[in-house]
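Letter by letter, the chains look like this.
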Amino acid sequence: MRDASSMDALKAAGASDQATELADFASESIIGFDLSGRIKYWNTASEKLYGWPSEAMIGLGGERIAVDPAIHNDQWPVILQEGRWEGRVSRHTMSGGRVTTYARRVVRCDTMGAPVDVVEYGQNLKVNPEVWSSGSDSLHLTAAFWELDVSDARDYLAKDAASRVSELKGECVLTSAQADAILSRIRVLKVNERTAYVFGAYADQSRMIGENLGAFCPPRSRMELADLMLTALRSPLGAKPVSKALASDGILRDPILTAWRSDDRAIPDRAFLVVNGAADDDRSFWYLRASEERYRKLLHFLPTALILVDASHMAAVFHRLRDAGVRDLNAYLEQNPQIVELAKSTVRVTEANRQAVALLGGATPADLIGPIDFLYAASPETAVRVMNARFSGERSFSEIIPIYTLDGSVKEVQYSVAFTAPLEPFEHDLVSMEDVTDRLKAERQLRKIEADFSHAARISTLGEMATSIAHEVNQPLSAIVTSGETTLHLLKSAQPNLEKVNQLTGRIVSSARHASEIVQRIREMALKRAPEHVSLHINEIVDEALLFVRGDVEARSIQLIKNLEEGLPCVVGDRIQLQQVIVNLLMNSIQAIAHSGTEQRKIRLGTGLSAGGRVIVSLHDSGPGISPKDIERIFDSFYTTKETGLGIGLGICQSIVTAHGGEIVALNHQEGGAHFSVSLPVAARDSDTGPY
Amino acid sequence: MFDRPVIAIIDDDEAVREAFFDLLQVNGHACRTFDGAESFLACYGPGEFGCVITDMRMPGISGLELLEHIKAIDTSLPVIVVTSHGDPSVRLRALKCGAQAFLTKPVGQHALLGELKAALRGSGNPES
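Those protein sequences? They're chains A and B, same order as listed. What the first sequence shows, in this note's numbering, is residues 1 to 692, in sequence order. What the second sequence shows, in this note's numbering, is residues 1 to 128, in sequence order.
Here are some chain B residues the structure puts well away from chain A; computed CB gaps all over 12 Å:
{"#": "1", "residue": "ARG32"}
{"#": "2", "residue": "TYR44"}
{"#": "3", "residue": "ASP74"}
{"#": "4", "residue": "LEU92"}
{"#": "5", "residue": "LEU95"}
{"#": "6", "residue": "ARG121"}
Subject to a maximum C-alpha distance of 30 Å in a straight line, what follows is the list of computed DSS-like cross-link-like pairs (lysine-lysine):
{"#": "7", "chain 1": "A", "residue 1": "LYS297", "chain 2": "A", "residue 2": "LYS411"}
{"#": "8", "chain 1": "A", "residue 1": "LYS602", "chain 2": "B", "residue 2": "LYS96"}
{"#": "9", "chain 1": "B", "residue 1": "LYS117", "chain 2": "A", "residue 2": "LYS500"}
{"#": "10", "chain 1": "A", "residue 1": "LYS297", "chain 2": "A", "residue 2": "LYS190"}
{"#": "11", "chain 1": "B", "residue 1": "LYS71", "chain 2": "A", "residue 2": "LYS602"}
{"#": "12", "chain 1": "A", "residue 1": "LYS492", "chain 2": "B", "residue 2": "LYS117"}
{"#": "13", "chain 1": "B", "residue 1": "LYS96", "chain 2": "B", "residue 2": "LYS117"}
I should point out that these hints are in silico values taken from the structure, not numbers from a laboratory. Using N, Cα and C, we set each Cβ at its ideal position, and we do this for glycine too.
Model the full assembly from the supplied sequences, consistent with the hints where possible.
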């Protein structure tokens, strides 16, 4: 009964002989079309249904037997774009009558994903009227189908009737909380592929089952959907479906929502929801599906923790605030802190990749899906800053914040948000999270080691400078002893010169103060404490540093030529550490000169401002200079050309200067000798709170 | 000539300088203070000073260099060296160069006045 041409046609379309035979025995009408809409296969059931024999139909365009060829021709591109179509089809029968079937059309693809043909499965609506009980012609478009368990929602509406029903009376009086309550109590039992594709936020069908309907509803459609479901739930069994047209939401073009309760008395808590609408996108379904599949894989397997966040509700709120004339969101939020809370509960995580689940201590992505507030629990101010960044139109936001993970620990996370631009169709923000807990810990440890190291170096340097320091302390002590003895001598006379005694005692006091200050400076240098960041005048630092080495300079008959520029801007840093840098550089020069035994014994020490606006300390000595083989390694720790000494002095200088955002350079001066130059960034104007 | 000999006090530290000045003055000596070897040498003339008390460590010309210089131009002018650290090698070098005395700070008044007395007595009778 099968002719060769129809078999060939199906074979050409990729079907096996066996499959063709199976289709022949099917009770459903099965029709194969090529992509242009020509009939290539017509099974036995089709012959029975329409009366037309297979031989008459092969090669004909599908519109030839359509009651309204225009509808057929309009539908065809939609089928090719969407990949799937379901709806009613009316065709002429051979006997001159009409048959209306409920038809499902599927585009079949080859292994490469390219469309090959279209297969239609049709059932006579007269025989199976329950297949599609809705009379709406709008349902011709591909529909996203939901089967829902509404028992909890019905309980919710039935209980607390006194308060709730009165509130819900009339039209559109649902509060946002009630809408959420209803939607969250409706459980998904079954969805079709279309539903998963449109609403699943990259979840597949099975992942949607058991979730509540509210989890998949875009915030802007929430109230409408809740209202529709409420109407359907309160309608009697067997009532007509209720429909509602919504505005395009960026996912579907002019979607129509239809809901009805099952009319089967055995399952009164069953409801159905159908969402019709073509994808609001110019790309074809196939392209879209492939690109989303790629995107999904990319998202899931990227080694960075990523979450997708639906902030469309807040985008709408911000839009209204802007329209209402709010310009300074920060000030507005201070007066209306409930907006921050609203954002934390309405902005939702809709998808999370594997790394994000791992970072946040969850077991599955579902653990993270929901309101975003848990991410801001340890750093509530961050939510406000994110909102401000979004409101002011920035495209991204990033800072390091602590996050409480689901397994109860705290992690330091580099938290970055990429905002969707206003009016972009896909209003999901992408949040990336990088666990920097260990990095910050290592950095803190490194800073501590550096501080310990520079302290150890200071102690070592103080030892080297003991003679010089002794000289500094001895000078005022010497003056005190001599003046004291003179005073005693005066007091022994019969008529003491009290005026002179007074003057000498004054000198004793001032010298003692001076000695005490010197001891204090040495103590600071020897003390171990965390580095500070304060505004400092570099010339003061230089003068204080000289205190430690002046004795050495003089003992070695070195001429120190100071040239400190007045009125330099402040630098920010630690007083003692910067002193240490200058002391170390001076000690280095003093030792270089002492070892060389040169005639010229000079150190030129100057401060100034570089062309780039940095504060410069420069030191040029008359020593032998730096040999070419040393110049590369001169700042390496433990590198020394001296017989004594640890070789940490210049290394410490470099690490301190670098930590201050500066730079240290060693050169040989053109007039001979080594030339060290330290450049430091100047303090920002508002932190310019130096002692002057 | 019955003028009291003038004592030159050289130290870069003002407090020390003034303390020595007061000590010598209340003990009946005539003194002049200098903040360094350079300013002293600018005022120096033969017979101008009876004794020099100088610090060792000073910027520019050090105490030791000044001592050598004085001994080269005026062997009869006694020099007392005062220093804040009594490094034996420096002490030896100073004494070899002809220093009258080598005192370590803080200097006791008896030591300083005693050495000064000896120096002035000696300088009054050169080559005796």
